[in-house]
Amino acid sequence: MYSVVVEHIYLLVMVTLISVLQNAFFALKVEKEGNNKEGQNVRTSGFERVCCANRNCMDAYPTFMAVMWCAGLCLNQAPAAFAGMIYLAVRQKYFVGYMGETSQSTPGFLFGKRILFFLFLMCIVGIFNYLLVHYYGSEYKEYVETITSAASALLLIP
Amino acid sequence: MYSVVVEHIYLLVMVTLISVLQNAFFALKVEKEGNNKEGQNVRTSGFERVCCANRNCMDAYPTFMAVMWCAGLCLNQAPAAFAGMIYLAVRQKYFVGYMGETSQSTPGFLFGKRILFFLFLMCIVGIFNYLLVHYYGSEYKEYVETITSAASALLLIP
Amino acid sequence: MYSVVVEHIYLLVMVTLISVLQNAFFALKVEKEGNNKEGQNVRTSGFERVCCANRNCMDAYPTFMAVMWCAGLCLNQAPAAFAGMIYLAVRQKYFVGYMGETSQSTPGFLFGKRILFFLFLMCIVGIFNYLLVHYYGSEYKEYVETITSAASALLLIP
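Chains as they are written, first to last, in the working numbering: chain A, 1 to 158; chain B, 1 to 158; chain C, 1 to 158.
Honestly, the hints are just simulated from the structure, not real lab data.
Please note that the accuracy of each hint is not assured.
Since the list gives no way to pick out one identical chain from another, each pair is judged satisfied if it fits inside one copy or across any two copies.
Cross-link-like lysine to aspartate or glutamate pairs, in silico, EDC-like; alpha carbons within 20 Å at most [said to hold, decoys possible]:
{"#": "1", "residue 1": "Lys113", "residue 2": "Glu31"}
{"#": "2", "residue 1": "Lys93", "residue 2": "Glu33"}
{"#": "3", "residue 1": "Lys93", "residue 2": "Glu7"}
{"#": "4", "residue 1": "Lys29", "residue 2": "Glu7"}
{"#": "5", "residue 1": "Lys113", "residue 2": "Glu33"}
{"#": "6", "residue 1": "Lys113", "residue 2": "Glu7"}
{"#": "7", "residue 1": "Lys113", "residue 2": "Glu48"}
{"#": "8", "residue 1": "Lys93", "residue 2": "Glu48"}
{"#": "9", "residue 1": "Lys29", "residue 2": "Glu48"}
{"#": "10", "residue 1": "Lys32", "residue 2": "Glu7"}
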């Protein structure tokens with residue numbers, strides 16, 4: 001029975017693991033900056049910037065996890081995991097840009113809005129599709145999955 | 001196989017989506033206040049209040065999600081989703097009240113304690129029920145579900 | 001159908017419930033310290049320390065939940081729940097130590113790294129095992145579960 005479940009979520013689990021690794025990386029960065037601060041007392045602003053970036057990333061983390069898992073469970077795991085990977089890449093870029101010098105940074109309180117919106121849309125499509133199938137018996141799921149797979153590739157362009 | 005899973009969680013997924021929308025709303029509010037602050041430098045306290053409200057809501061968010069999903073999986077999704085909706089309404093009221101003028105606000109570090117407690121109780125009942133069924137073979141689940149459905153309606157009264 | 005699902009997750013749900021209780025305990029501590037602060041205005045540092053401990057615990061909470069549930073779903077719930085219990089005990093000790101006087105405290109930004117790492121390893125083993133079974137049809141799962149059960153007992157030693 002387990003294999004059946006794992007078969008449908010293993011990509012999501014992988015993305016989750018990568019995100020956990022990323023969280024640990026962020027936390028280590030914060031810890032290192034904190035240790036630096038004690039010694040030098042000059043780069044306080046650097047420490048605060050790392051803290052702020054970490055805080056923003058962590059605040060958005062449960063939301064991201066919830067949307068990704070819902071999208072993966074309701075519709076299909078492949079596009080959800082793919083969008084999750086892109087989100088993680090965006091987050092990495094955001095964190096590094098925030099941490100770096102001010103000029104090249106890409107601040108903004110929010111990031112990855114488009115990807116979260118895409119995952120959100122996937123959830124809605126999944127539920128809508130389920131309700132359609134449940135009440136009318138017609139089966140759009142195959143088409144919808146094809147479309148989302150194609151759409152998730154479009155995310156890469158910009 | 002998917003329809004089977006989705007059938008049992010689609011209400012939970014809907015509540016999750018609404019909570020995500022609410023999170024986005026909160027984040028936008030914080031961002032707007034932050035932009036206001038830069039220009040005026042007078043309403044700093046307003047920005048801090050929004051930040052604090054957002055922080056409190058975000059801190060309680062993973063706890064809420066965990067309890068709601070456990071309650072929905074262990075017992076029945078309908079009362080869990082209903083309680084989740086009420087929790088979101090309470091949170092909205094809390095955030096708006098926190099953001100508004102101090103007189104009408106309803107601060108308090110914690111909010112929605114009663115609803116979380118109710119969901120918590122549902123989890124315990126669900127697990128207890130499972131263990132009873134597993135070891136004694138008696139089937140109380142139907143009764144328990146009826147009772148919780150009735151109890152979740154009682155939450156509206158106060 | 002429900003009993004089948006609940007059978008495989010009820011230990012995880014229990015650990016989740018305990019962690020929720022612990023979160024509530026932390027939040028109450030913070031609220032109490034905050035009330036104390038208003039009256040005395042002397043123990044500000046105590047309040048700040050509690051806040052900081054609570055913040056660190058809350059930041060790591062979604063990560064912990066994600067890893068524990070993934071490990072429980074992919075491999076076996078018993079060792080995952082056991083590791084989760086130990087993590088909660090470590091967190092409790094961390095919080096109390098942080099809150100207490102500075103001398104006996106065990107600060108450090110991160111805690112429970114080893115346990116999270118163990119859960120992380122369990123996830124990877126679970127996914128790897130699934131892929132092996134899927135592509136080669138050989139069944140290592142039984143052995144792996146025995147090994148992880150034994151390994152989770154080793155966590156207690158240090």
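In ascending order, which of the hints set out earlier in this document are inconsistent with the structure? Hints 3, 4, 6, 7, 10 are the ones this structure does not satisfy, whereas the remaining hints hold.
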